[in-house]
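Participant: These are the residues of each chain, in order.
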Amino acid sequence: MSTSIFDIGAPGRGAAAQRPAPGDVSDLTPEALRRKPPRLPEVSELQAVRHYTNLSRRNFSIDNQFYPLGSCTMKYNPRGAHRIASLPGFAGRHPLAELAASQGFLACLHELQEVLKAATGMAAVSAAPMAGAQGEFAGIAMIRAYHDARGDTERREIIVPDAAHGTNPASAVMCGYAAREVPVGADGDVDFEALKAAVGEQTAGIMLTNPSTCGVFERRIADIADVVHDAGGLLYYDGANLNAILGTARPGDMGFDVLHVNLHKTFATPHGGGGPGAGPVGANERLAPYLPTPMAAKEDDTYRWVEPADAPDSIGRLSAFAGNAGILLRALAYARMLGRDGMRRVGEFATLNANYLMERLRQAGFELAYPERRASHEFVITFRQEAKEFGISAMDIAKRLLDHGIHAPPTYFPLLVPECFLIEPTETETKEELDAFVAALTQVLGEVRTDPERVKTAPHTLPSARLDDVKAARDLRLVHGAD
Amino acid sequence: MSTSIFDIGAPGRGAAAQRPAPGDVSDLTPEALRRKPPRLPEVSELQAVRHYTNLSRRNFSIDNQFYPLGSCTMKYNPRGAHRIASLPGFAGRHPLAELAASQGFLACLHELQEVLKAATGMAAVSAAPMAGAQGEFAGIAMIRAYHDARGDTERREIIVPDAAHGTNPASAVMCGYAAREVPVGADGDVDFEALKAAVGEQTAGIMLTNPSTCGVFERRIADIADVVHDAGGLLYYDGANLNAILGTARPGDMGFDVLHVNLHKTFATPHGGGGPGAGPVGANERLAPYLPTPMAAKEDDTYRWVEPADAPDSIGRLSAFAGNAGILLRALAYARMLGRDGMRRVGEFATLNANYLMERLRQAGFELAYPERRASHEFVITFRQEAKEFGISAMDIAKRLLDHGIHAPPTYFPLLVPECFLIEPTETETKEELDAFVAALTQVLGEVRTDPERVKTAPHTLPSARLDDVKAARDLRLVHGAD
Amino acid sequence: MPFIPHTDQDVATMLDAIGARSIDDLFDEIPASLRCGPLDVPPGESEMEVTAALTQRARRDEPGPCFLGAGAYDHHIPAAVWDICSRGEYMTAYTPYQAEASQGTLQLIHEFQTMMAALTGMEVSNASVYDGASALAESVLMAVRANRRTRRRGAPSAGRETATTRVVVAGAVHPHYVDTARNIVKGQCIRLEATGFDANGTVDLARLEALLAEPPAAVVVQQPNCLGLLEPVDEVVAAAHASGALVIAVANPISLALLAPPGDWHERGADIVCGDGQPLGIPLSSGGPYFGYICTRRDFVRQLPGRIVGLTEDTGGQPGYALTLQAREQHIRRGKATSNICTNQGLLVTAATVYMSLLGAAGLNAIASRCHATTRKLVEELTSIDGVQQRFTGPFFHECVLDVGRDAEGVAEQTATAGVTGGFPLGRWYPELANCLLVCATEKRSEADIVAYRDILCRILIHPERPANGSASEGSR
Amino acid sequence: MPFIPHTDQDVATMLDAIGARSIDDLFDEIPASLRCGPLDVPPGESEMEVTAALTQRARRDEPGPCFLGAGAYDHHIPAAVWDICSRGEYMTAYTPYQAEASQGTLQLIHEFQTMMAALTGMEVSNASVYDGASALAESVLMAVRANRRTRRRGAPSAGRETATTRVVVAGAVHPHYVDTARNIVKGQCIRLEATGFDANGTVDLARLEALLAEPPAAVVVQQPNCLGLLEPVDEVVAAAHASGALVIAVANPISLALLAPPGDWHERGADIVCGDGQPLGIPLSSGGPYFGYICTRRDFVRQLPGRIVGLTEDTGGQPGYALTLQAREQHIRRGKATSNICTNQGLLVTAATVYMSLLGAAGLNAIASRCHATTRKLVEELTSIDGVQQRFTGPFFHECVLDVGRDAEGVAEQTATAGVTGGFPLGRWYPELANCLLVCATEKRSEADIVAYRDILCRILIHPERPANGSASEGSR
Ligand SMILES: Cc1ncc(COP(=O)(O)O)c(C=O)c1O
Ligand SMILES: Cc1ncc(COP(=O)(O)O)c(C=O)c1O
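Residue numbers (this note's numbering), protein chains in the order written: chain B, 1 to 483; chain H, 1001 to 1483; chain C, 2001 to 2477; chain E, 3001 to 3477.
Calculated directly from the structure, the hints in this document are not laboratory data. One or more hints might be untrue.
Here are the simulated lysine-lysine pairs, DSS-like style, with alpha carbons at most 25 Å apart [to be verified]:
no., chain 1, residue 1, chain 2, residue 2
1, B, Lys-471, C, Lys-2336
2, B, Lys-456, B, Lys-471
3, H, Lys-1388, H, Lys-1456
4, B, Lys-456, B, Lys-388
5, C, Lys-2186, C, Lys-2336
6, E, Lys-3377, H, Lys-1471
Required output: the full structure, derived from the provided sequences and hints.
Facilitator: Structure representation (structure tokens):
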């Protein structure tokens, strides 16, 4: 732990160049006013800059190291896209500015909607949702609105594979559905028989990501679509893994009715230590009327907002204004830099990197969760053998990997594979970086055999040794100085 | 050493988004063209970003730690000033743009000239010189031009105290003068008798900084001015230490005829790992005609450049365009944020911090070079005792200080004090930071006594152990891969 | 191939290692019928080309002096804020799951939690949700969960709900917030019922009492409300708590440096405080990314959605930070999580944390009081124009409703053409206020800006024959 | 007190420790007569106020499409360049004197030296001097020192020189460079003598031969020259070397990715190569900060001015970097140093290093060739206007002299008013070229920009009655 910002201040200190002259508030009654100032930091400008500059250095990040976080698509975030979104005309535009002073932004929003339609094969796109999970919420709410509009109100379930990301069942529940899990088979595909058994008239829809979080392409997707559609359900595509198939296959062609795209994954907007992202939703003709507002529309050469009056069936707004507009601009800039060929290559090289890395790891003696399958843009390895033999967990290995200056892949996701890593190298990493990863992981594996204690007590070279999660949850210390 | 950028590339790799489509050059003869491409890095955009991001973390800097580099004024560099200089209208202005498209910049340049006149007490200022040393060159060239213009061509010497910065004699020599050194006395002031003896009809001028690099105010400055002026010589003020007296005393009032100001010191523009800086020169009425061009002039409400025709006696231009314009903008922004009171406080608090730190160190048992004197904004301590007793050098102590996360002060400057540190805390550091410095240095001093080996072999916690300067100069390896 | 580092040699070696002949082979598990042809998007462009094209668009929207607030405020952002946030270490890290490799972000969030708790007068804070509107939605869900007394029968995961839970919206709460909350909570059978505002522009207390007759799960109140006016929050809290409802306060964090914090309202204070963090160093940026914050009392912490960071220890006994209470979250609890939120607004939290550190309590208070005084000045100047008057007379914070005596929609349009962002035409929200503009002046608005706006408005209202074009171009931006 | 962290309590404690009653006491060694009153500058302003005021000024100068070069070039700068340079670790560090605490900057400079040596075809490079013009001055001083044969009698430190050393300037070298060099070397009795250029716009070889009759210390030649034209550099080198003079080449580093590098000229190549690094990722910024570079052969390295970084080892035998050959420098050698330079242009070197890494040889070559082709296109378009023609017909790189048939000064002014930076009126340098504009089109100039410029120029030259105002406002910037 670095000294807290609260412990480096002094009463009355502050960044004076940032303070305007106070104004007169004598017209407000004393009861309306705060009695005691809040306890905020009291530091100079240099102290604040130094503190947060130094704190930043206690992070791993894409800009510092390989960060093969499965399902998260930690690829290079172009600085050029960041600069474009920061232009005064974009950064300074008020969300409620008049149309005459909004044509530049609306043109961008509209263009992004069009790009996403083309990339996903959907009929219409709304970029309103502010992350993948909100995109899921929107999509499921649209499914519900569709059924409700048809008077088909008794569908109570959304089906999700047990390999699904936690947001999928959570989003279904937020929309008032029960989430019904179906198992994934030993080959990584959904257990088709179990699925058929689960589908029925209570089925509102199914949520899938394809390729799945098992790192394989769901081969029977067309059959699944048929089964669900035949039962009157709809298909939701979780776009978290779109990077794998960008330019090669489109969810719209697979039979999905509605989907979201994580722009902070496939479209390379920075993850920011936990956000922001953006989760535009796309829909086929059937579900398009339900898309959330606002959206951009183009008429002749003028752009305008799609108002509630134009979208009477819309599930409505999901944010105060128009979603994470600045993220949409970054994604558009990235999309334009890629263009047609660039997009295809994203999927191709993400897949190449994953398959190469999987093959190298296989040869180095690691156990693949789905050894018979191609990797998509990611793949799963399991340390169940090491867990049994040496009492080492995937988490131990993850922590030890940090000592090699490599961010660890997610552990225990997908939950159904014991002691696993979900490894996603992304297309922007070099072969050399992948080789270095194999070397590091191989070294850790060797250590598991020769010095398991060293692995179990890792990390050894970071600002903190292994942190106690249990204590964190038991002795809740959520604000500074409260204890 | 981090892997070189030349060792992480691959033939043909590059940041493709940065490459325009090549153009047709078939009209150029093959002999005019390069035969073999230069060996430059071949890396992806992510590789370049990651490499230089990680490299940066192998530096100490003001934004990371206390950096009490005497004579260098390592104070906080306001981010706001940096942003202002980066505005498209400033960063994008071509140096030869037409006047109609230059009024904004010229207004700033003119305003800065006025601020510097007020702060130094000079009659006119030219902001053309690009660093302190070029300011010195300009000032001495002006002195020479002045004497030459009067037909007074036999003055061959510039006097400099032996405590002076190396640029002073070097600048004098560049102007064709001999540099004649005069000693500094035990109290840190110039040896007045020696000075009187040195001054004569061969004296073109004298270069002084006041407070001097001994960290004390030259008390007999008025007498010195008289002696030099009486002999027909002129006084040059090296503005490197202006921070100490900003708003309290002005070189113009002390009898100086010409001076420079290091904007990268007193006016807080970033040092950038070795530059850029800016060294505007100011002159009294006598020397004003000789100021270097270009300068900004104001007529009614219009600004224009001072052209050679307006300044027939000028020593002329010293750069391709108008000096380090962007640095001038940063300095102006800083000056405006300070304003009248802020400027005075700079000098006051720089002095307070230095005297406090000096006193604390004295109490902690360190030997002051000038124990009877007030510190200016900096002061000198000497480890001659430790050198004798433990065979420890000031450099050893400096290196060990790095292990405490504190940048070491300059060692061996001023050269006349054996085994010294020149310590300049600046006004932007907190008392807590100064106290931490005392604690760290005290700890090192203790170690000198208990474990001198540990000090002699420091640093122990940095990316490199002590580096071999001698080998660097003996086995010259100045480009990658040449050996 | 932008951003892809592979040389032809790399590709050959890699395919060889895999044992594939082409990259295309790697897609052989995708049924041929599902392969798509080239996407219908234009060819790629260089960074330079994209920058040029989008810069031209950005220029079209470059705003003049902004007198528009209505939920997003044009404050000065210290340069240091984004210089720090743009460091790769903050910008390109993921959610800090690997605590030891993420102490920077984790400590920063812990500091953020501390600051937000202090500002709101509450005990705990989360690490953000999407924005102010979705924060209200999450707060409503949270209040319903937390208010056991009103909890519906039947586990929420048992499928579609039928019994309805009521939440009362008291006074003038930002309509976009209410809409968003309604859209998000409706699937869980929660109904929002609004008191509306009375002739003073604040909560109709009689109507509130009536709606409390049958106790709702919670009462929502915004301070200052979306018309800029100060609500009688103590009365609202008293009434709500008396009825057994929890109180959800929506608050602009800048205002909290000046106004009584929700934690201090009435006796027990509000139970949940939420809002949008945009005023704390986030650019207007067409509405996002901003961040929503939620603070609450300690006993409700297990109902909080989103990330929470706790101070803990490492195996050496040294203090360090980690995500905590993850059992609330979707990645552990899946369908039973407090929310589906995963990615939140981390980088904006970073900005706000740096911002609050630079300003401190005194700085935030100075900004709040200056905004207030500047808006009063603005109101004074604009109401000096014949026919322009304050619509409500109660105390306001830094926004005010002006009746301009004619359709405000057209007036706003004309001010935009004249180079000023003149305010929000309230007819879009409330037909009865069609002649009203909601105006706001932050600390960024100079006297000259205000005078320029007054002149423009004067020309529009009094001398419509003279063109008002471009006259504000010398004002600050 | 902007930027000063002291609380009143701090001040009291500190004064107490010092044993002083007031801060003023600390100045008691300054004679009272030398104390000044309040400075005659305005009161301080907040960052917000200064930003607003200076932003307004910056807007006044915001340029339209730029067709002006003449020593400073409007290239695209990848966003990554300044994002990295703005990191505090680069921006706020000092010169890397403490090597162990400065490995970042030191390694970067070593990589820079390698890149510059490769580009110029030389063996060694320094870590920058101020700009291209002062680089030429330093190169002249260096050549005089290095060329022992022509070295004057009498040690340079023995006072004012009398014997004069000659250096010949061959062809069209940027007049500002020549002026700067002249002003800087004159104190050391070095005289620059110019050949001028002939009807082709390049070196007058006959005049060069004449000036070489009495051998000078060095010959300076710029490629491409300041009129954009390619000089017969092989002939110049041959003649210079034959006379025993050293050759100083001035070169635009972007051109070196396309054109023969000075190290390859004639047989031995140039001896010293210098120039301005601005094209390598540095904004135009009114002329600075840019950086000057100097490369040379290994045997002259001890005559190089400025910092030089060498690879060495630490006590553990691990490789690491350090400043080296410091005995050349003023802080060690004082009056006998190779130069007085101390602070150089480190941050710009950082930018250039990142820039060259991103572009690589292929990228730089693409930029160079694209600039060339775009300028040819520009010339084609502009010379399609009646009365506009190329003044010189020899091959050029990315700048070209156009005769516009009337005083070019007025034409340049009118293009500026019309929103285009139209070129450099050469009459300012060469009266005989008063009707000529020097124009340049970098890779940033689009077809649309060129067409817009042609239309503007056409209107100015052919239809002066129609106002040309603002017509380029839609062009890229
Ligand atoms: C497979 C999958 N689905 C959904 C999500 C949720 O997306 P977001 O974090 O943008 O809300 C994620 C994010 O990690 C994911 O990996
Ligand atoms: C006392 C003194 N004089 C002159 C200089 C030279 O200034 P610059 O480095 O800006 O050329 C310095 C720089 O360190 C200095 O400390």
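Participant: Which earlier hints can't be squared with this structure?
Facilitator: Checked against the structure, the only hint that fails is number 6, while the rest are satisfied.
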